[in-house]
Amino acid sequence: MATSRRKFIKISALGLGGLAASSSLLGMNPFLDAAVKENITKKFTRTATYCEVCFWKCAGWVYTDEQGEITKIFGNEDDAHCNGRLCPRGTGGVGMYSDEDRLKVPLIRTTIDGEETFREASWEEALDLIASKFKSIKETYGPESFALLKHGSPGSHLEHLFKAYGSDTIAEPAYAQCRGPRETGFGLTFGSWVGSPEPADIRDTKCLVLIGSHLGENMHNSPVQEMSDAIDNGATIITVDPRLSTAASKSKHWLAIKPGTDIALLLSWMHVLIEEGIYNKKYVEKYTLGFDKLKAHVRTYTPEWAYGITAIEPAIIRKTARIMAAAAPSAIIHPGRHVTWYGDDSQRARAVAILNGLLGSWGNRGGFYFKESIKVPKYPHPEYPEPKWGWKEIGENYPFAQMGITSEFVKATIESEQTKYPIKAWMVAGTNLTQALPQQEKTIEAINALDFMVAIDTMPMEITGYADVVLPECTYLERYDGIRSAANRTPSIAVRIPAVKPKYNSKPAWWISKQIGERLGLSEYFKYDDFEEVIKWQLNKLGTSLDEMKKIGVKNFERTSGPLFLEEDKKHEFWTPSGKVEFYSQELANKGFDPMPVYTKHPEPPKGYYRLNYGRSPVHTFSRTINNPNLSDLKNENTLWVNPKVARILGLKKSQEVWLKNQDNIVSKFPIKVRITERIRWDSVYMYHGFGHNNKKLSRAFGKGASDTELISQTAIDPLMGGTGLRGNFVSILTENPHKNSEI
Amino acid sequence: MRYAMVIDTRKCVGCSDCVVACQTENNVPHGYCKDWITEVVTGKYPNLELELRSERCNHCDTAPCVRCCPTGASHIAEGGVILVTPDECIGCGACIASCPYDARYQHPDGHVDKCTFCHHRLEKGQLPACVSVCPTKCMYFGDLDNPNSEVSELLKNRKYKTLAPEAGTNPHVFYLI
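Quick mapping for you: the protein sequence lines, in order, are chains A and B. According to the working numbering, the stretch in the first sequence is residues 1 to 744, in order. According to the working numbering, the stretch in the second sequence is residues 745 to 921, in order.
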């Protein structure tokens, strides 16, 4: 983890070897720390921003020196997302700006001597070409056939363009490939999404239960900070994970569960709470529906039953259930974030939600609070036209999907000749789709079936290599963006002001949207010269001003929606059909699904194969930061975690390079170094997600480590909301280079 | 005045924010670092302990690096902070070899470099960069000579350890366990 000492030693040893040369350098430059000292005495300007290195969007201050160069980025102390302390990615966010591999000019695909390549183009030419495609797609198939696939802040500007154009064919992998199932599961139970940030009152909890969560490795800033507060406050942490995660190492009880069996454990916990009569009776009676059905449902799910499935001893299951009950309602069974694992993920999220219901934690201090956000007024524009079909219709086989399912978009693109909802063109913004979606060959098949594809990014990613037109977006440090309205204990807004001018010939997404919109005759939707005007207008409506926000960065407001928690003597209606917390879901029963969660067995690794698990490095976000000079310096490749038993059987040595072959005979492109550690179960291997880039334009990231995504060729689809379960892939470990005779 | 750092290993998640913050604050060239994360795993699956901790120069009372420095570049400054004066350093590397914590490196410009407890920030009444950014607030900094300081209180009330006590260096980075 982090900058390794081994690397450090290697470097200092080299330094010693070069002593003579160093001494002469020293003579030439006697005041070496002068640069540092100068830096300190310099006059800095600070500019308000919110971070875009991940989706947590912590507000911060960008410090620029007298030359206008960015020197550092700090958190904003008034911001509930970071409390003045950014995570390593936010602190290293300047690398996004300084990365010399950035996309610099618009690129257009062309053929020279029979070979496809990119040529540089002017913005004028690139935008004209894109606009002409928007027009021809609309004329030939209808605007609905142009899809937007996006992530992060640029998405909202482009979404506005697409809706004005007449397309609601919009999706992001953050839903069906990540957090979607928990929104469905909690939505069906409590009537509201978990949402981001999760409204978990971690700092005041007495018991925090994490199931396969990477909290502390995913640096979602505020919950990591609150977990630390909870440790200070003496909370009991219980972690369920086949791997000794960072969070597991902070836990009083680490339940080293057999992968794929979480629902059995959850049902058994419910069994203990109900059979021992230690559930929150008052809460259950007052707020919930279907308790008797649930009681009958879990009666046979004893800890002894669960032991045979999960490998967790009955005594531990009972003990941990009693700890939760003793802490209730100040207990959190955390909904998790990346929860697309086995295809029954919405039902697992239901089980987590029901357990919270039995403890009475939803709506109670130390459990979950009722969050509140401020509605930012819409800058005036004409009504959007009504599309004939959109993301909803594409996902119509999944009745509980509440956002576009990117993997279904891929399908609708491949089958565009047969389907009712043919997708013919993509705009991909801020998401490296081939690394974000499983089944890479399908993504590529879809791309090949497209009439047109445009990619917008700050970096040359794998996905940009497939585009017909590539537009260089400027980084968050160089642009205005929409107002960040955050849902927390109290509502707040934050602004992003450009700290520096866009580098190279890059442009902000709001400008790109406006330029395309104007070419399509949609000027009425973009009645501003600079996005600054939009923010100014909105901030005035919100009772503040751009001048004030430039000074404070974040503004916190009082709550107006009512108290943070349930009030004992008052009634409360949940937003479910019954107005109650639904242990038994009639909605699910009506649609032919299990009204209460059941455990189903998932495939296990065949002999000689290991389950491929993946997760987060605290210094990286997805695949998008691996090339960041500051962050790649901390971690520039991933390793394959294997248990010492496995290493012994296969004769693997520490740091030995291996290749992985999955159940479908897909072999990893690049080698990955072995890390032998007790922290992983013997039936699984583990690696950080996001590595193994194959775009040579990423000078620091190319070929470093292996990509978990390229090995995920099997997905288990969640029948409720279309999520793609990604944890059912198995790999064997190859010690001989399978690519010896081929060129990559 | 005796500066000390106290780090709570029960809270540290090993995220490396201290490392990046130090690098940007002190213009550390890419490929080098003045602080780093150590991960120690003990036991056998599933009976395991994992300790994550942020390490750096221990600003020792009996600092071997100062004793062995032939030019006096390595010296003890106010508050017990060990510093290297770059223009007095001949880059001989004796201090690198003498440090039991492997805390020093040779800067590409030739001199030896290491953690300064952000001496330049202390002068302005600010905390070291690493302490000021840590998302888990697992790092504390202050004056051990003041019995009421946060660091003194923590060492009074909590169990702690230092690294390589057998080296007899009397280090001033303490780890709460």
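Warning: the hint list may mix true and false statements.
Here are the simulated lysine to aspartate or glutamate pairs, EDC-like style, with alpha carbons at most 20 Å apart [as the list claims (entries may be wrong)]:
#1 K252(A) / E793(B)
#2 K903(B) / E637(A)
#3 K881(B) / D530(A)
#4 K788(B) / D683(A)
#5 K654(A) / E678(A)
#6 K252(A) / E795(B)
#7 K371(A) / E567(A)
#8 K881(B) / E77(A)
#9 K881(B) / D201(A)
#10 K881(B) / D78(A)
#11 K135(A) / E518(A)
#12 K788(B) / E678(A)
#13 K661(A) / E637(A)
#14 K673(A) / E783(B)
#15 K881(B) / D204(A)
#16 K43(A) / E867(B)
#17 K905(B) / D232(A)
#18 K868(B) / D65(A)
#19 K788(B) / E313(A)
#20 K881(B) / D232(A)
#21 K252(A) / E867(B)
#22 K503(A) / E124(A)
#23 K654(A) / E783(B)
#24 K645(A) / E793(B)
#25 K555(A) / E518(A)
#26 K903(B) / E66(A)
#27 K669(A) / E445(A)
#28 K900(B) / D232(A)
If you anchor each label on the Cβ, the simulated ranges turn out as follows [what the hints assert, rightly or not]:
#29 G869(B) / R109(A): 52 to 60 Å
#30 D232(A) / K788(B): 25 to 33 Å
#31 H863(B) / Q402(A): 48 to 56 Å
#32 E832(B) / Y528(A): 55 to 63 Å
#33 K900(B) / P314(A): 53 to 61 Å
#34 R299(A) / V784(B): 43 to 51 Å
#35 K903(B) / K696(A): 48 to 56 Å
#36 E736(A) / A841(B): 37 to 45 Å
Don't read these hints as lab results, they were simulated from the structure. Just so it is clear, the structure is predicted and the values come from calculations on it, not from any experiment. Glycine is no exception: its CB is placed at the ideal position from the N, C-alpha and C atoms.
Structure-based check of each hint:
A threshold of 20 Å between alpha carbons decides the hint, and for K252(A) with E793(B) the separation of about 11 Å falls inside it, so the pair holds. Taking the CA atoms of K903(B) and E637(A), the gap is about 36 Å. The hint is violated against a cut of 20 Å. A distance of roughly 40 Å separates the Cα atoms of K881(B) and D530(A); the hinted pair therefore is violated under the 20 Å criterion. Under the criterion of a C-alpha separation no larger than 20 Å, the hint pairing K788(B) with D683(A) is consistent with the structure, at around 15 Å.
Distance check on the hinted pair: K654(A) and E678(A) sit about 13 Å apart at the alpha-carbon level, within 20 Å; holds. For the suggested pair K252(A) and E795(B), the alpha carbons sit about 14 Å apart, so the restraint of at most 20 Å is met. This hinted pair checks out: K371(A) and E567(A) have alpha carbons roughly 15 Å apart, not beyond 20 Å. In summary, the hint linking K881(B) to E77(A) is supported, as the alpha carbons are separated by about 14 Å, within the 20 Å threshold.
About 18 Å separates the Cα atoms of K881(B) and D201(A), which keeps this hinted pair within 20 Å; it holds. For the given pair, K881(B) sits about 16 Å from D78(A) by alpha-carbon distance, which is consistent with the 20 Å threshold. For a cut-off of 20 Å, the pair hint linking K135(A) to E518(A) stands: about 12 Å separates their Cα positions. For the hint pairing K788(B) with E678(A), the CA-to-CA distance comes to about 6 Å; that is within 20 Å, so the pair holds.
Straight-line distance between C-alpha atoms of K661(A) and E637(A) comes to about 19 Å, which keeps the hinted pair within the 20 Å bound. Pair hint K673(A) plus E783(B) holds up; C-alpha atoms about 18 Å apart against a cutoff of 20 Å. Only pairs whose Cα atoms come within 20 Å are accepted, and K881(B) paired with D204(A) is accepted, the gap being roughly 16 Å. Only pairs whose Cα atoms come within 20 Å are accepted, and K43(A) paired with E867(B) is accepted, the gap being roughly 17 Å.
Annotation: proposed proximity of K905(B) to D232(A) holds, straight-line Cα distance about 19 Å (limit 20 Å). For a cut-off of 20 Å, the pair hint linking K868(B) to D65(A) stands: about 18 Å separates their Cα positions. Pair hint K788(B) plus E313(A) holds up; C-alpha atoms about 17 Å apart against a cutoff of 20 Å. Simply put, K881(B) and D232(A) have alpha-carbon atoms about 10 Å apart, close enough for the 20 Å limit, and the pair holds.
With a C-alpha separation of about 41 Å, the suggested pair K252(A) and E867(B) falls outside the 20 Å cut-off, and the hint is violated. Taking the CA atoms of K503(A) and E124(A), the gap is near 18 Å; set against the 20 Å cutoff, the hint holds. A C-alpha spacing of about 16 Å is found between K654(A) and E783(B), which places the hinted pair at or below 20 Å, so the restraint holds. Of the supplied pair hints, the one linking K645(A) and E793(B) holds, its CA atoms being roughly 18 Å apart against a limit of 20 Å.
Annotation: proposed proximity of K555(A) to E518(A) is violated, straight-line Cα distance about 34 Å (limit 20 Å). About 46 Å separates the Cα atoms of K903(B) and E66(A), which puts this hinted pair outside 20 Å; it is violated. Only pairs whose Cα atoms come within 20 Å are accepted, and K669(A) paired with E445(A) is accepted, the gap being roughly 19 Å. At roughly 16 Å between alpha-carbon atoms, K900(B) and D232(A) fall within 20 Å of each other, so this suggested pair holds.
Separation of G869(B) from R109(A) is about 57 Å and conforms to the stated range, judged on CB atoms against 52 to 60 Å. Hint check: D232(A) to K788(B), Cβ distance near 30 Å, so the stated range 25 to 33 Å holds. A beta carbon spacing of about 54 Å between H863(B) and Q402(A) agrees with the range 48 to 56 Å that was offered as a hint. Checked against the given bound of 55 to 63 Å, the beta carbons of E832(B) and Y528(A), roughly 59 Å apart, stay inside it.
Take K900(B) and P314(A): their Cβ atoms lie about 42 Å apart, and the range 53 to 61 Å is violated. In this structure, R299(A) and V784(B) meet the distance hint of 43 to 51 Å, their C-beta atoms being roughly 45 Å apart. Between K903(B) and K696(A), the C-beta spacing of about 52 Å keeps the proposed range 48 to 56 Å intact. Between E736(A) and A841(B) the CB atoms are about 40 Å apart, so this pair conforms to the stated range of 37 to 45 Å.
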